[in-house]
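Since the structure of chain V is already known, use the hints to place chain S on it.
So the protein lines, in turn, are chains V and S. Residues in the first sequence are numbered from 1 upward in steps of one, following this note's numbering. Residues in the second sequence are numbered from 582 upward in steps of one, following this note's numbering.
Worth double-checking, as some hints may not be accurate.
Keeping only pairs whose Cα atoms sit at most 30 Å apart, straight-line, the calculated BS3-like set for lysine-lysine is [stated by the list, open to error]: (1) V:K198 / V:K303; (2) V:K303 / V:K557; (3) S:K638 / V:K198; (4) S:K638 / V:K303; (5) V:K345 / V:K303; (6) V:K570 / V:K294; (7) V:K303 / V:K209; (8) S:K638 / S:K661; (9) V:K294 / S:K661.
Ranges between beta-carbon positions, derived for each pair [as the list claims (entries may be wrong)]: (10) V:G225 / S:R622: 29 to 39 Å; (11) S:R622 / V:T107: 25 to 35 Å; (12) S:L670 / V:D289: 21 to 31 Å; (13) V:P558 / S:S598: 19 to 29 Å; (14) V:M118 / S:S609: 13 to 23 Å; (15) V:M1 / S:A672: 50 to 60 Å; (16) S:A672 / V:D389: 56 to 66 Å; (17) S:G637 / V:T297: 45 to 55 Å; (18) S:A643 / V:N168: 36 to 46 Å.
Please keep in mind that the hints were generated in silico from the structure rather than gathered at the bench. Model, not experiment: these values are computed from the prediction. Note that the Cβ used here is the ideal one computed from N, Cα and C, for glycine as well.
Below are the chains, spelled out letter by letter.
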Amino acid sequence: MNGAQHILQAFQQHSITTVFGYPGGCIMPLYDALVGDVSVEHVLCRHEQGCALAADGYARASGNLGVCIATSGPGATNLITGVANAFQDSVPLLVITGQVPAELIGTDAFQETDILGMTLGIVKHSYLVDDADSLPGILIEAITLAQSGRPGPVWVDIPKDILLAQVNLEAAEHQERKSCASAEPQTDSATHNAAVDKDISETLRLLRKAHQPLLYSGGGITLAGAEDGFREFAEYSALPGVVTLKGIGNPGRHNPNHLGMLGMHGCRAANRAVDECDLLLVIGARLDDRATGKPDTFAPNAKIIHIDADSAEFNKIKAAAVTINANLNDVLRALTREVQAQPLKIEAWQRQCRAWLTTGGFQAAGNEEALAPITGPAFVRQLSRIAGDDAIISCDVGQHQMWVAQHYQFNRPRQHLTSGGLGTMGFGLPAAIGAQFAKPGTAVINVAGDGSFMMNAQELATIRRYRLPLKIIILDNQCLGMVRQQQELFYNNRESHINLDDNPDFVAMARAFDIPALRINRTDQVRRSIETVLAYKGPMLLHVTIDREENVWPTVKPGGSNREMMEDTKPAKKKTEENAA
Amino acid sequence: MNQAVTSSITTSRTTVSSRHVLHCCMQSEPAGLERLCRVVRVRGFRIASMSVESSGKHFNIALTLEGSRPISMLQSQLLKLHTVVEVVLGAQQARSVA
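If we strip away everything but chain V, and leave its shape as in the complex, we get (with noise of 0.2 Å):
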């Protein structure tokens, strides 16, 4: 057996049944030991950032390892981006490529280049591997780790000659055996779980004493598994909670105590919460810029509780009285023994939360007329009507994302998929693509923007090629939203190279990938071209043109305090103002 045979039986071992890939010279011979292989399904994207990113979806979706195979040299850079999306979000991801051959290294051989170098900073292990006999060892190492502790991507560089060395299977099972022990975290259990303790109790303290308490929670909920202990908690303690964007969907959308996302494109409510709060319960969260805006004015009244898979997030941006580093599944569920026992009496600070909420939620702006232009907030909170509980949304990144995030009304987390740290545009269609694999029995609805949509749009042809039922819709206001919005606001309204208007007939784009396509401007046509597309069995492209001058509200400015939330001050169109809440 060779190294590619290996990897093929690594995939087979760690139960891997889809991988996303592109192939090329150096990463050759993986790709002819994947012809007559059934064990796994290798999907072609038409981009090797579509195959990272769609490995990326894949995960997000499914809490399994996403993997994406690329060639050497052009194939390995154009994978970076993805896994960067992948690092700042924490989502496992194993990455292979082919590499020159080992005695070409260094010599700037033909699609060399030293990919190990340039991705330390975006991975959280990297591995080149220089004998074919620690190649079992180290995939071992590499998938447990990508996936253990806090999650995150783990890029295996393989050079052509060592994919075609023979394995000395006995070598390598030594190497397997010390691979296994390397990648468990190693820690004095006892000691720990009594220092645990004493910290779950000291939160527990806190918690009674406080009169303001606020439950902040993200995307580590998910990361830990720990969606049904995070609910139970949030439910039995009635605490007033706020999740960051990629929290969202954490509490689900039935806890009355929940007042939404805070942050820069955060609803009012937060905000205001976090900021009256005299503690902050922080679980699964990083306390991120974009979620904090400016930290001497993040929660200034509030002692902070962190509970996080990484130590390394405490005590970053904010000093914290409690740190817990531990299983969050463990810990929630401790907490939540003693709030049941002895509920927490913070009635007053409830309603006042709800008061807030009531006037602070996310307002959308609606037109009743049935001619009138379409907003993005109006659209989305149809489609949220329509599509429910049960589809996966994947969103680009700009203003329809934020849109998504205020007006779409999420049950669970992982129906989300946004990208939340690296904010990278054209995350969402390759996102659905891998999603959709994933999830082959559920509406995946890819929301786009027509900047964001240009940027992966090549993924069309992988849509048609394994004829994907996914639906996508564009919500085109003919230019650069996000950037447009933060020009007029922060820049003198002086446009920069934001105008879009030159875009392509989108409806003609799909339908030259086979993928048929509605066009819509009016809001009378919104609810039933939704429910066309839906209903559609195939893949779908919705083309949704809409207000080119609507903005994000509210918004903070960025670096600013969550205390100064601009709102809209244009003169009011004729609106209907309906309530988030």
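Just chain S now, kept in the frame of chain V:
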């Protein structure tokens, strides 16, 4: 775990630059030193001096660093590197006020 925190990052980003001594033991691998130096740079420190001894399976690295951010933050970031075994902080002294 609870940690003694003397200042948040908002107060630590003052103009006081401190000099720190840090000892690191990491598994020997070709990219090990690159990984280490990258983290030091990105997390806001400059290397004033560095010595490396290879003892078979490990690198023993002594670093003298300058920076104004809390050194404990760098320590915890270095410990996240898979091949880092141990990071021990040595003496610290305030060096300059910019």
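Satisfaction of the hinted span 21 to 31 Å by the C-beta atoms belonging to L670 of chain S and D289 of chain V: holds (27 Å)
Consistency of beta-carbon spacing, S598 of chain S to P558 of chain V, with hint 19 to 29 Å: Holds - the Cβ-Cβ distance for P558 of chain V and S598 of chain S, about 27 Å, lies within 19 to 29 Å.
Could one say that the CB atoms of A643 of chain S and N168 of chain V fall in the range 36 to 46 Å? Distance hint for A643 of chain S, N168 of chain V holds at roughly 38 Å.
Could you grab the alpha-carbon distance between K303 of chain V and K209 of chain V and see if it respects the 30 Å cut-off? Holds - the C-alpha atoms of K209 of chain V and K303 of chain V are around 11 Å apart, at most 30 Å.
For K198 of chain V and K303 of chain V, compute the direct alpha-carbon distance and say whether it is at most 30 Å. Holds, because 17 Å separates the two Cα atoms, which is no more than 30 Å.
Pair hint K638 of chain S and K661 of chain S, alpha-carbon separation not exceeding 30 Å: Judged against 30 Å, a Cα distance of about 19 Å means the pair holds.
Within 29 to 39 Å or not, the Cβ separation of G225 of chain V and R622 of chain S? Since the Cβ atoms of G225 of chain V and R622 of chain S sit about 35 Å apart, the hinted range of 29 to 39 Å holds.
Sort out whether K294 of chain V lies within 30 Å of K570 of chain V, counting only the CA atoms. holds (26 Å)
Given the hinted pair K303 of chain V and K557 of chain V, is their Cα-Cα distance within 30 Å? Given that 30 Å is the threshold and the Cα spacing comes to 26 Å, the pair holds.
Quick one, are K638 of chain S and K198 of chain V close enough, alpha carbons at most 30 Å? violated (37 Å)
Given the hint that K638 of chain S pairs with K303 of chain V, does the C-alpha gap stay at or below 30 Å? violated (44 Å)
Could you grab the alpha-carbon distance between K345 of chain V and K303 of chain V and see if it respects the 30 Å cut-off? holds (18 Å)
In the structure shown, a violation is registered for the earlier hints numbered 3 and 4, in ascending order.
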